[in-house]
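If you read the sequence shown in the working numbering, its first letter stands for residue 23, the second for the next number, and so on.
Be a bit skeptical, because a hint or two may be false.
[Claimed, not checked] In silico DMTMM-like cross-links for lysine to aspartate or glutamate, where the CA-CA straight-line distance does not exceed 25 Å:
1. Lys138 / Asp339
2. Lys138 / Asp163
3. Lys107 / Asp339
4. Lys131 / Asp280
5. Lys131 / Asp163
Source of the hints: derived by calculation from the structure; they are not laboratory data.
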Amino acid sequence: MTTSRLTQSVNLSMGLRVILTLALGALGALLPAAPLVGATILVSLASLCRIPTAISPWIRNVAFASIGCSLGSGINHDIFQLAAKWPLSLVWLTIAMVAILLSGAWILKHFFRYDKETALLASSPGAMTYSLAVAATGVGDAGAIIFIQSIRLFSIITCLPLLIDILPFDHLATSGANTPTLDWLSAAALFLLALGAGYLLERKKIPAGFLLAGVMVSGLGHYFGVLSGRPPLSLLLAGFVITGAVVGSRFTMISPVDIRHLLSASLTIVFTSIVVSALFALAAARALQLPLGQVWVAFAPGGVEAMAAMALSMGYDSAYVATHHLYRIIALLILMPVLLNAVHPAQEKRGQRR
């Protein structure tokens, strides 16, 4: 009986944390900023103030699926003609990704005296879950990795839209301005199919499985003419709010003491990431004659779900942006084990003997 009551208490506590976090995210969406940015800022501040915030995995996955369904609704018969420019763009992204990773690791090692493993995992321009999973096994300083990666993600989401608005970039009209809206029955059927496909992809350990499932199901439906129109705007806004809450709630894992020690290193990594990605985005945009703002959003090292949502809200080609961020995650999942083994091969050999 005691165990049952304890379990119910824990579940209720988690439920209240989720409700509080969603309420904060919705309130943040009312701030004079994009819903994604406003929700991220307010939930992050609450987390840093030690207010217990949390988003359950199933709510997070629902949000990512809704964003994916909206992304896929922009796919049509012109997609392959536009995609012809993407292979060279992905080459530019690969070089930018390696430059961000190695320059950040060098800075953390030589100026902030972190060990090689911590420097690499904290500087990884994406694949945050992988970095934290490796740190949890005892490789590197887990606290430093969590904080630096969280600050990177927060800063990219909140600062990049502001920089693009301030700088003289090409600004596009909202991509969904003249697109019809799906009726609720069609939207519900699409959403359920996306959730089912997302569950299957997650079981196969596919990165960003629910987002990718939404894009695939919605994209195929629109490409073959089964669907015509975007899901209702309310679903997309809910996805923005929850995604911002997911990012902000990560700061609950960071203590105030860590903040004081790690802030300067984190901001240095953020500045390096933004500048390096901007330089490579400028080169790629000029070579491929693509909008600079769009390429920068695709090259900036933020989370794939958050950056895809940002592309939608700014009117950029969300399929282009999502493809680049998915590619970046997959490339990092391949590259990071190789680099970690190179800087610490003895540890890898000990693990194999076990």
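Tell me, which hint numbers fail for this structure?
-> 1
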